[in-house]
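Chains as they are written, first to last, in the working numbering: chain B, 33 to 274; chain X, 33 to 274.
Please keep in mind that the hints were generated in silico from the structure rather than gathered at the bench.
None of these values were measured; they are calculated from a predicted model.
Hints are not guaranteed to be accurate.
Since the list gives no way to pick out one identical chain from another, each pair is judged satisfied if it fits inside one copy or across any two copies.
Restricting the straight-line Cα-Cα distance to at most 20 Å, the calculated cross-link-like pairs of lysine to aspartate or glutamate (EDC-like) are [unchecked claim]: (1) K259 x D246; (2) K259 x E134; (3) K35 x D216; (4) K102 x E183; (5) K176 x D166; (6) K173 x E230; (7) K35 x E136; (8) K259 x E136; (9) K203 x D216; (10) K259 x E175; (11) K35 x E81; (12) K173 x E183; (13) K80 x D59; (14) K173 x D185; (15) K259 x E47.
2 protein chains.
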Amino acid sequence: MNKLYVVGIGPGAAEDMTLRARAALDDASVIVGYTTYANLIRPLFPGKEYIVTGMRRETERCRAAVECAKAGRTAAIVSSGDAGVYGMAGLALEMAAGTGVEVEIVPGVTAALSGAARLGAPIGHDFAAISLSDLLTPWEKIEKRLTLAAEADFCLVLYNPASRRRTDALKRACEIVMRHASPDTVCGAVRNAGREGEETLVMTLRELASYTADMCTTVFIGNSQTKTVGSGIVTPRGYKDV
Amino acid sequence: MNKLYVVGIGPGAAEDMTLRARAALDDASVIVGYTTYANLIRPLFPGKEYIVTGMRRETERCRAAVECAKAGRTAAIVSSGDAGVYGMAGLALEMAAGTGVEVEIVPGVTAALSGAARLGAPIGHDFAAISLSDLLTPWEKIEKRLTLAAEADFCLVLYNPASRRRTDALKRACEIVMRHASPDTVCGAVRNAGREGEETLVMTLRELASYTADMCTTVFIGNSQTKTVGSGIVTPRGYKDV
């Protein structure tokens with residue numbers, strides 16, 4: 033049986049994994065992943081072989097996992113959050129096509145959901161998820177999506193708001209959104225959701241423009257109806273809502 | 033301790049719940065939910081009191097759950113998928129504000145993720161989630177979001193594509209999207225994701241316009257880069273991807 037699981041492990045804590053994800057990792061004999069995520073799960077599944085590589089080695093990781101499965105082992109490749117949202121699922125399916133390897137995608141709690149839960153309910157209505165990383169996407173495309181999504185009054189979830197190299201992407205994104213949305217729009221940021229050092233912050237869009245995000249931050253920009261409730265954020269489920 | 037958990041139980045099967053969701057429901061003495069979802073979890077948590085109401089009784093359910101918590105019981109209110117995406121989290125937070133009830137949101141695998149995993153990786157890049165229900169949102173707003181999201185080349189996930197009353201919403205949505213996207217855009221639909229009677233279908237946007245969705249269907253419309261891989265759908269993670 034040539035089997036490859038592509039597993040979303042959720043934000044990081046063992047409790048935020050689904051039972052199906054745990055069962056898949058139990059079933060695998062070899063687990064492939066980015067160093068940080070592999071280290072998160074290693075204590076839970078000690079008797080496995082791990083193939084671990086650094087950042088931006090997605091293609092290499094996928095190839096290694098497919099090769100293991102082709103050789104008859106049950107392999108798992110892990111993504112943080114969900115494997116299908118800016119994750120490894122697509123690459124794994126493409127690489128496994130025609131090899132006889134059966135791929136099973138196991139969904140997980142993506143940062144939009146884990147971060148939202150910490151802030152309240154910032155994406156309780158229609159929302160758009162946009163990655164600010166211009167590594168694989170031209171910035172013009174990102175800018176166009178931000179513009180049109182703001183014009184459409186979507187709640188926004190920004191993935192990859194910053195990296196060591198990209199320090200001004202969030203500021204630029206906020207300035208674009210402010211062309212259509214009020215600078216007082218209710219926003220929030222979550223760092224290390226569901227992990228050690230978790231931090232949440234509620235602020236206005238104007239304040240968000242000068243907030244320093246890092247690689248472990250997920251950013252939320254409300255729609256025109258988003259409000260603060262207690263210490264959190266709520267976007268009502270509709271415009272006719274009571 | 034006045035505690036209210038708002039729990040996303042995922043698509044339905046016990047395996048797709050997170051461990052945190054199971055622990056929250058274990059901890060609760062009373063579980064409040066819509067009939068269908070309460071019935072999905074009842075066998076897993078037999079020793080609880082259940083308060084179950086029919087469709088569109090969200091406000092009533094939330095009030096009942098908050099009242100139980102105010103009275104000193106540990107209560108849980110369940111949503112299918114994730115509690116924060118078209119779920120009960122916002123309403124619960126608003127109703128609990130100022131009552132002394134502590135609300136904990138427990139995220140779950142929303143239909144965008146569970147459905148995507150069954151189809152492959154249709155939302156591997158920026159995506160927008162739009163509900164086609166005009167119960168709480170004017171149709172003009174939905175139409176504007178569809179138009180701008182299509183113009184921005186987002187992958188789209190359509191929640192509530194149909195109900196008994198609304199039978200032409202999906203057709204109208206597809207016609208709007210086709211003003212900006214090719215009728216050959218790769219699309220998919222998933223019925224009863226992760227439940228009995230699960231069905232997946234890959235088709236073009238033109239075909240989707242005459243597809244009959246129901247209340248248990250989640251619809252995916254690819255972006256300009258989405259392609260079929262084997263029997264599934266993949267949206268590459270970027271435009272510079274290899």
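Structure-based check of each hint:
| no. | hint | in the structure |
| --- | --- | --- |
| 1 | K259 x D246 | neither (25 Å within a copy, 32 Å between copies) |
| 2 | K259 x E134 | between (46 Å within a copy, 19 Å between copies) |
| 3 | K35 x D216 | neither (50 Å within a copy, 32 Å between copies) |
| 4 | K102 x E183 | neither (47 Å within a copy, 41 Å between copies) |
| 5 | K176 x D166 | within (13 Å within a copy, 27 Å between copies) |
| 6 | K173 x E230 | neither (31 Å within a copy, 35 Å between copies) |
| 7 | K35 x E136 | within (8 Å within a copy, 37 Å between copies) |
| 8 | K259 x E136 | between (39 Å within a copy, 18 Å between copies) |
| 9 | K203 x D216 | within (15 Å within a copy, 37 Å between copies) |
| 10 | K259 x E175 | neither (25 Å within a copy, 24 Å between copies) |
| 11 | K35 x E81 | within (16 Å within a copy, 42 Å between copies) |
| 12 | K173 x E183 | both (15 Å within a copy, 11 Å between copies) |
| 13 | K80 x D59 | within (10 Å within a copy, 33 Å between copies) |
| 14 | K173 x D185 | both (18 Å within a copy, 9 Å between copies) |
| 15 | K259 x E47 | neither (30 Å within a copy, 35 Å between copies) |
Figure legend: structure checked against the earlier numbered hints; hints not met, in rising order: 1, 3, 4, 6, 10 and 15.
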